[in-house]
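Could you build the full structure based on these sequences and the hints that come with them?
Numbering (my numbering), first residue to last: 31 to 224.
Hints may contain errors.
Claimed, not checked - Label-pair restraints from in silico Cβ distances:
#1 Glu-167 <-> Tyr-131: 31 to 37 Å
#2 Asp-176 <-> Gly-127: 25 to 31 Å
#3 Thr-70 <-> Lys-164: 34 to 40 Å
#4 Glu-208 <-> Glu-156: 57 to 63 Å
#5 Glu-156 <-> Val-69: 45 to 51 Å
#6 Pro-206 <-> Gln-83: 54 to 60 Å
#7 Asp-139 <-> Tyr-68: 26 to 32 Å
#8 Arg-125 <-> Glu-215: 50 to 56 Å
#9 Arg-184 <-> Pro-141: 24 to 30 Å
Stated by the list, open to error - When the alpha-carbon atoms are kept at most 30 Å apart in a straight line, the in silico DSSO-like pairs for lysine-lysine are as follows:
#10 Lys-80 <-> Lys-91
#11 Lys-119 <-> Lys-91
#12 Lys-138 <-> Lys-91
#13 Lys-138 <-> Lys-79
#14 Lys-138 <-> Lys-164
#15 Lys-119 <-> Lys-164
#16 Lys-138 <-> Lys-80
#17 Lys-91 <-> Lys-79
#18 Lys-164 <-> Lys-91
#19 Lys-164 <-> Lys-80
#20 Lys-164 <-> Lys-79
#21 Lys-119 <-> Lys-138
Keep in mind the hints are simulated off the structure, nothing from the lab. Every value quoted in this text rests on a predicted model; they were computed, and no experiment measured them. We put the beta carbon where it would ideally sit given N, CA and C, even for glycine.
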Amino acid sequence: MKLVILLGGILFLAACQQQGGDSLLQEKPKNTDTKMQYVTNSDPVEPEKKTTQETARHLAKLAVEVPDVHDATSVVVGNYAVVGIDVDKDLDRSRVGVIKYSVAEALKDDPDGRNALIVADADGVERIRDLGEKMSEGHPVEGITDELSQIIARYLPEGPIREVPTDDDQSKESVPDEDQQDMDEIQKEQSSDQ
Numbered sequence: 031m032k033l034v035i036l037l038g039g040i041l042f043l044a045a046c047q048q049q050g051g052d053s054l055l056q057e058k059p060k061n062t063d064t065k066m067q068y069v070t071n072s073d074p075v076e077p078e079k080k081t082t083q084e085t086a087r088h089l090a091k092l093a094v095e096v097p098d099v100h101d102a103t104s105v106v107v108g109n110y111a112v113v114g115i116d117v118d119k120d121l122d123r124s125r126v127g128v129i130k131y132s133v134a135e136a137l138k139d140d141p142d143g144r145n146a147l148i149v150a151d152a153d154g155v156e157r158i159r160d161l162g163e164k165m166s167e168g169h170p171v172e173g174i175t176d177e178l179s180q181i182i183a184r185y186l187p188e189g190p191i192r193e194v195p196t197d198d199d200q201s202k203e204s205v206p207d208e209d210q211q212d213m214d215e216i217q218k219e220q221s222s223d224q
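Written out as C-alpha cells, the structure is:
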C-alpha cells in the first residue's frame, strides 16, 4: 500500500513539472481590439493590366486561330470589343455565319472577349482596321466612339446571344395534355380504391 501511494505521489509531481522552463501562461497582448478583415483578392501577385491595344491584338490572335479565318483585327473600348474577321470571299452566307459563331465561342471564354461583336464583311473589317489605326495614332476619343457606335449599330443583331438557363425539368413538357389527363384519372381511381 505504501508503495502505491509513493508511486502515485511521484507520478503526480512528475506530471506537474514544467517542460522547457517556459511559462505555460502567456501574457495577452495589450491591444485586444481585433477586427475582422475581409480580403477580396488574397493572391499576392497583381494581375497584369493590359492596354486596350494589347487586348485588341490578343482577341485578334484568338480569332485567327479559328479555322477558315485568314486575318482578324479588333478594337477594344472599355469592356466591349469589335472583332473583324477576314474570310474567303467565295464562302456562302451560312458558312460565314458558322465561322462567326465559332469565333464568338472562342472569345466568350476569354474575359476580354466576353462581350465581343464579330464582323465578317469586307467593309466592316476595313472600318474596324482604320478605327484601330486611328486609336493607335491618338485621335480624339469622341470621334472614335462615334464611329465605333455606328459600326456596332450596324452589326449588333449579329452578336452572340447570352444563353438563359432553362428549366431542367423537361418531363413537364414531355407528356401531352390528353395523356396527362388520362394519367391523372387513373391515379385518382387507384387512390380511391385503397
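Structure-based check of each hint:
1. Glu-167 <-> Tyr-131: 31 to 37 Å: holds, 33 Å
2. Asp-176 <-> Gly-127: 25 to 31 Å: At 28 Å between Cβs, range holds.
3. Thr-70 <-> Lys-164: 34 to 40 Å: holds, 37 Å
4. Glu-208 <-> Glu-156: 57 to 63 Å: About 58 Å separates the Cβ atoms of Glu-208 and Glu-156, which means 57 to 63 Å holds.
5. Glu-156 <-> Val-69: 45 to 51 Å: With a Cβ separation near 47 Å, Glu-156 and Val-69 satisfy 45 to 51 Å, so the hint holds.
6. Pro-206 <-> Gln-83: 54 to 60 Å: Since Pro-206 and Gln-83 have Cβ atoms about 58 Å apart, the given range 54 to 60 Å holds.
7. Asp-139 <-> Tyr-68: 26 to 32 Å: holds, 29 Å
8. Arg-125 <-> Glu-215: 50 to 56 Å: Holds, at about 53 Å.
9. Arg-184 <-> Pro-141: 24 to 30 Å: Hint holds: Cβ distance 26 Å, inside 24 to 30 Å.
10. Lys-80 <-> Lys-91: holds, 15 Å
11. Lys-119 <-> Lys-91: holds, 21 Å
12. Lys-138 <-> Lys-91: holds, 14 Å
13. Lys-138 <-> Lys-79: Given pair Lys-138, Lys-79 holds - Cα atoms ~19 Å apart, limit 30 Å.
14. Lys-138 <-> Lys-164: holds, 26 Å
15. Lys-119 <-> Lys-164: holds, 26 Å
16. Lys-138 <-> Lys-80: With Cα atoms ~18 Å apart, Lys-138 and Lys-80 stay inside 30 Å; holds.
17. Lys-91 <-> Lys-79: holds, 18 Å
18. Lys-164 <-> Lys-91: Distance ~20 Å between Lys-164 and Lys-91 Cα, so the pair holds.
19. Lys-164 <-> Lys-80: Holds, because 19 Å separates the two Cα atoms, which is no more than 30 Å.
20. Lys-164 <-> Lys-79: holds, 22 Å
21. Lys-119 <-> Lys-138: holds, 25 Å
Violated hints are absent here; each numbered hint is respected by the structure.
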